[in-house]
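Colleague: In case you want the letters, here they are:
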Amino acid sequence: MKLSEIAGIIEGKIEGNADLFITGIGKIETANENEITFISNPKYEKFLDTTKAGCVIVTEDFINKKNKVSSLIRVKDPYNSFLKLLEVFEINEDESLKGISEKSIIDKSAEIGKNVYIGSNAVIENGCKIGNDTKIFPNVYIGINCVIGKNCKIFPNVTIYRDTEIGDNVIIHSGTVIGSDGFGFAKQKDTSYKKIPQTGNVVIESNVEIGSNTSIDRATIGETRICKGVKLDNQIQIAHNVVIGENTVIAAQVGIAGSTKIGKRCMIGGQSGIVGHLDICDDVVIGAAVGVSKSITVPGIYTGYRVRPYREDLKIEARIKNLDKLEERIKKLESSGK
Amino acid sequence: MKLSEIAGIIEGKIEGNADLFITGIGKIETANENEITFISNPKYEKFLDTTKAGCVIVTEDFINKKNKVSSLIRVKDPYNSFLKLLEVFEINEDESLKGISEKSIIDKSAEIGKNVYIGSNAVIENGCKIGNDTKIFPNVYIGINCVIGKNCKIFPNVTIYRDTEIGDNVIIHSGTVIGSDGFGFAKQKDTSYKKIPQTGNVVIESNVEIGSNTSIDRATIGETRICKGVKLDNQIQIAHNVVIGENTVIAAQVGIAGSTKIGKRCMIGGQSGIVGHLDICDDVVIGAAVGVSKSITVPGIYTGYRVRPYREDLKIEARIKNLDKLEERIKKLESSGK
Amino acid sequence: MKLSEIAGIIEGKIEGNADLFITGIGKIETANENEITFISNPKYEKFLDTTKAGCVIVTEDFINKKNKVSSLIRVKDPYNSFLKLLEVFEINEDESLKGISEKSIIDKSAEIGKNVYIGSNAVIENGCKIGNDTKIFPNVYIGINCVIGKNCKIFPNVTIYRDTEIGDNVIIHSGTVIGSDGFGFAKQKDTSYKKIPQTGNVVIESNVEIGSNTSIDRATIGETRICKGVKLDNQIQIAHNVVIGENTVIAAQVGIAGSTKIGKRCMIGGQSGIVGHLDICDDVVIGAAVGVSKSITVPGIYTGYRVRPYREDLKIEARIKNLDKLEERIKKLESSGK
Chain A
2 MKLSEIAGII EGKIEGNADL FITGIGKIET ANENEITFIS NPKYEKFLDT TKAGCVIVTE
62 DFINKKNKVS SLIRVKDPYN SFLKLLEVFE INEDESLKGI SEKSIIDKSA EIGKNVYIGS
122 NAVIENGCKI GNDTKIFPNV YIGINCVIGK NCKIFPNVTI YRDTEIGDNV IIHSGTVIGS
182 DGFGFAKQKD TSYKKIPQTG NVVIESNVEI GSNTSIDRAT IGETRICKGV KLDNQIQIAH
242 NVVIGENTVI AAQVGIAGST KIGKRCMIGG QSGIVGHLDI CDDVVIGAAV GVSKSITVPG
302 IYTGYRVRPY REDLKIEARI KNLDKLEERI KKLESSGK
Chain B
2 MKLSEIAGII EGKIEGNADL FITGIGKIET ANENEITFIS NPKYEKFLDT TKAGCVIVTE
62 DFINKKNKVS SLIRVKDPYN SFLKLLEVFE INEDESLKGI SEKSIIDKSA EIGKNVYIGS
122 NAVIENGCKI GNDTKIFPNV YIGINCVIGK NCKIFPNVTI YRDTEIGDNV IIHSGTVIGS
182 DGFGFAKQKD TSYKKIPQTG NVVIESNVEI GSNTSIDRAT IGETRICKGV KLDNQIQIAH
242 NVVIGENTVI AAQVGIAGST KIGKRCMIGG QSGIVGHLDI CDDVVIGAAV GVSKSITVPG
302 IYTGYRVRPY REDLKIEARI KNLDKLEERI KKLESSGK
Chain C
2 MKLSEIAGII EGKIEGNADL FITGIGKIET ANENEITFIS NPKYEKFLDT TKAGCVIVTE
62 DFINKKNKVS SLIRVKDPYN SFLKLLEVFE INEDESLKGI SEKSIIDKSA EIGKNVYIGS
122 NAVIENGCKI GNDTKIFPNV YIGINCVIGK NCKIFPNVTI YRDTEIGDNV IIHSGTVIGS
182 DGFGFAKQKD TSYKKIPQTG NVVIESNVEI GSNTSIDRAT IGETRICKGV KLDNQIQIAH
242 NVVIGENTVI AAQVGIAGST KIGKRCMIGG QSGIVGHLDI CDDVVIGAAV GVSKSITVPG
302 IYTGYRVRPY REDLKIEARI KNLDKLEERI KKLESSGK
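Residue numbers (this note's numbering), protein chains in the order written: chain A, 2 to 339; chain B, 2 to 339; chain C, 2 to 339.
Heads up, some of the hints might be wrong.
Same chains, same label: a pair holds when it works inside one copy or across any pair of copies.
Lysine-lysine pairs mimicking DSS-like chemistry, simulated, CA-CA at most 30 Å apart [stated by the list, open to error]:
hint: 1; residue 1: Lys-322; residue 2: Lys-295
hint: 2; residue 1: Lys-69; residue 2: Lys-85
hint: 3; residue 1: Lys-69; residue 2: Lys-3
hint: 4; residue 1: Lys-262; residue 2: Lys-130
Keep in mind that the hints were calculated from the coordinates and are not lab data.
All chains should be modelled from the sequences, with the hints used to inform the complete structure.
Modeller: Take a look at the structure:
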C-alpha cells in the first residue's frame, strides 16, 4: 500500500515520499524501511534517532528536529491512526478454520448454527445450542445444556461447565474455566467441611472478552453474571454470585470474592483483590494491587494496600516517607528542652 | 414440594400458606413466587421490600414489619436450613455421565474400577488404577502410574502428572495441574541455570476439593502432600514439598513456596503468600493479601502486608492514620518553644 | 549402588559402612535405611536425632555429636553433591513416550523432525515445524505456523497460539497458554471498548522453562520475547510486548504489564507486579509481593508494597514499628512543657 493511500485512510498530511510502499506496521524500535510506525507517548521519541521505519505517524504540531524523520504523516491523534491501520493490516484468519471437524464429539441433541467452526477433539454435550458464525477451537469442552450466541470465539482448551449462558460476539481465551463450583463449605462439629451444592450457573452477556487461564465460578443459587461489554484480562478469579457491570475493565490477576457486585464502567488494576459481599458503585477506578475490604459508594480513584481515595493515600504515603524528618524535629525539641 | 413438607425437613414453624407449592430455591433479590429464600446476613434485609419469593426462611425472633413477608418459616439457623434445602433441590447429575467413552484412550495395563465414568478424549496412561464410582471427564490427562481412589470427580482439562496418588471422594476442577515439576534450578558459573530433577510426587488424601486452574508441583524428593479434608480454591500455587494439614481451607490466588508446612484447621485468605521453608502451626487464620515471611508458632489471626498478629496490625494501622495529628502536636510544641 | 561408589561420584570421604547398599535419595525426615540424604541448611540439623537414613552427606567440618549419624560422607558442598545424585537416581522417562500416536491430529503440511513423540489428541495445525527429539504430550494444541525447536517438552493441555516461535530445549508445563491476545481495547464515545487487533507474536528462545498455568500474551505489533535461559514458575502473567532478558528467573504468580522490559540475570519474587512501559535494568533482585511502578536503573535488591531499595525499605519499616515510641516522646515533651 502506498503512503498516499495510508494518509487518505488516516486523514493525515504527508511530508516526504508519498509513493513509498508500506507492507506493514512496526514498533518504532524494530520497524524496517517498508513499515510504518507512530509516536504517541513522548517516552518513545528517543527512538527517533535510530528507527529505520519508512514513515512515522506524528501529531500535527510535531517538530522534526534535524530532519530525523525522513517521511512522516501528521494527524490529530497518532494512536487512533495506528489503531485504524492495525485493522487494515490485520492478519486474515486462516481459511482452514471452517466447518465441523470429523474428530469433534458433538451430542446428537446439540443445535449447531450456520457457518460454525468446531475443531478436532472439541466436546459438546447434550442440550447445547451454538449460534451462527461461532468458532469453537480444538480441545474445548462444553458441558450439558450450554447456550452460546453468535459470532463467538472459544479458543483451545477452554472448559465451560453445564448450564452456562453466553451471548453474542464473546471471545474466551485458552485455559479459561467458566462455571466451576463456587467455593462453599459448611464447617462440621468434627472440624471437617461439608460441600455446599453449587446449583446456580454463569451468564456472560454479549461483547465480553475473557483472557487466558481466568476462572469464573457458578453461583450457589441464581447466577454469576458478567454484563455486556466487560473486558477481563488473564488469570482473573471471579467467585460465585459476583456481578460485573457493563463495560467494566479488569486487569490480570485480580480476585473478586463471592457475591460482590461491581458497577458499570469501572477499571480495576492488576493483582487487586476485593472481598466478598461488597458493592462497588459505577465509575470507580481501582489501582494495581489494591486491597478492597469495604464497599465503595463514591466514584473516583482508589489505591493502597488498604484501599483509600487516591489523594488521601498519597498524603499518608508522603507522611511515611517523612517519618525521619519528624523524628529529627522531636530530637531538636528534646535537646532544646534540656 | 409443599411448604408444609419443607417446614418438616428444616424443622421450622410456618406463618402463611402451608399449601404453597415450592419448585426451587432462589436468591432474595431474584426468587419468584414458587421459590423459597432465606435471610441470614442482616445486609440482605433491605431486599424484603421488593422480593417476590413465595416464602422466606427467617430466625425465630424475626420481626415481620408491616407484614412485608407473606409466607415465612421460622427456624433456629436460616443458613443451615438453606443448606439442607440446597441438597434437597440439587440438580441431579446427568445420567449421560456413565460408562467408558469409546473415544477415551486408556492404556491396556490400567485397572479401572466398577461403575466408573471416563469421558471422550480422556487419556489414561499405563500403570494407572482408578477406583469404583469415580468420574473422569473429557479431555483429562492422567500420567503413568497414577492411583486415583473411589468416588472422585476429575473435571475436564485437568492434568495429572505421573506417579500422583489421590485418595477417595476427591474433586478436582478444570484447568488444574497436579504434579508439574517443582521450580528448582542450580546457578552455574556462566550465570545460566541447570534444572534440578524433580523426582518426587504429589499425594492428595481423601475428601480434598481443589478449584480450577490451581497448580500443585511434585516434590524434588519425597512428596508434596495435601492432607485429608483440605479445601483449595481456584488459582492457588502450591510449590514442591509443601505439606497442607488436615481440614485447612485456602482461598483463591494464594501462593505457598517450597517446603513450607501448614498445620491443621488453618484458614488462609485470598491472595496471601507464604515464603518457603516455614512452619505454620495448627489453627492459624491468615487474612487476605498477607505476606508471611516467618514461621507462625502461636494459633490466632494474622494480617498485614508484613504479617503481624491482628491486633498489633490494627494498632500500627491506626498510628499511620493519625500521623497528621502527630505532626500537628509537634508543630504546637515547636511554636510554643519559640 | 554401594556407598563407596556414591562417595566416588561426589568426591567425598566415607565414615561408616562403605558396603552399604543405597537404592535412592530421601528427605532427612522420611529417608529409610537404604536411602541417602544430606544436610545443607542448618535448619534441618534437628532431624539428625530421628532420621533413619542409611547415610547423610555433610560438610567437611561437620561435627558428629554423640555419633548421631551412623554412616556419613564428607564433601565440600553437600547441596551440590545431592544435585549430582539426583541425576544419578533420576527416574528414567517411560519408554512409552515414543513415536507419533495414531490418535494425534497433525496437518499434512506440518514438518515433523526425527525421533519426535506426539501423544494422543495432540493437535498440530498447518504450517508447523517440530524439531528433532521434541516431545509433545497428549491434548496439546499447536496453532498455525508455529515453529518449535529440538529437544523440547510440551506437557499435556498446553495451548500455543499461531505464529509462536520456540527455540531448543524448551520445557512448557501443563495448562500454560502462549500467544493469547494482548489486553488492548480502545474506549469509544459510548463508553464501550473496541478490540485492538493483536497482530504480533511470541518468541521463546532456547533453554527456557515455563511452569504450569502461566500466560504469555502475543504482541500488539512486533513480539513478546522470552530470552535464552529464562526460568518462569507457575501462574505468571506476561502481557503483550514484554521482553524478559537472558537468565532471568521469575517466581510464581508474578504479573508483568504491557511493553515492560526486564534485564538479564534478574530475580523476581513470587506475587510481585510490574506496571507497563517500564525498564528494569540487568542484575536487579525484586522481593516477593513487591509493587514496581517506576523503572529501575541501578542493580540491587528492591522490596516493599511501593518498591524501594531494600535498605531504605527496612528503615521505613523500622520507623513504622517505632511509631508508638515516637508518640511517647511527644507526650513527654507535651507534659514537660506544662
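Colleague: Does the structure break any of the earlier hints, and which numbers would those be?
Modeller: No hint contradicted; all consistent.
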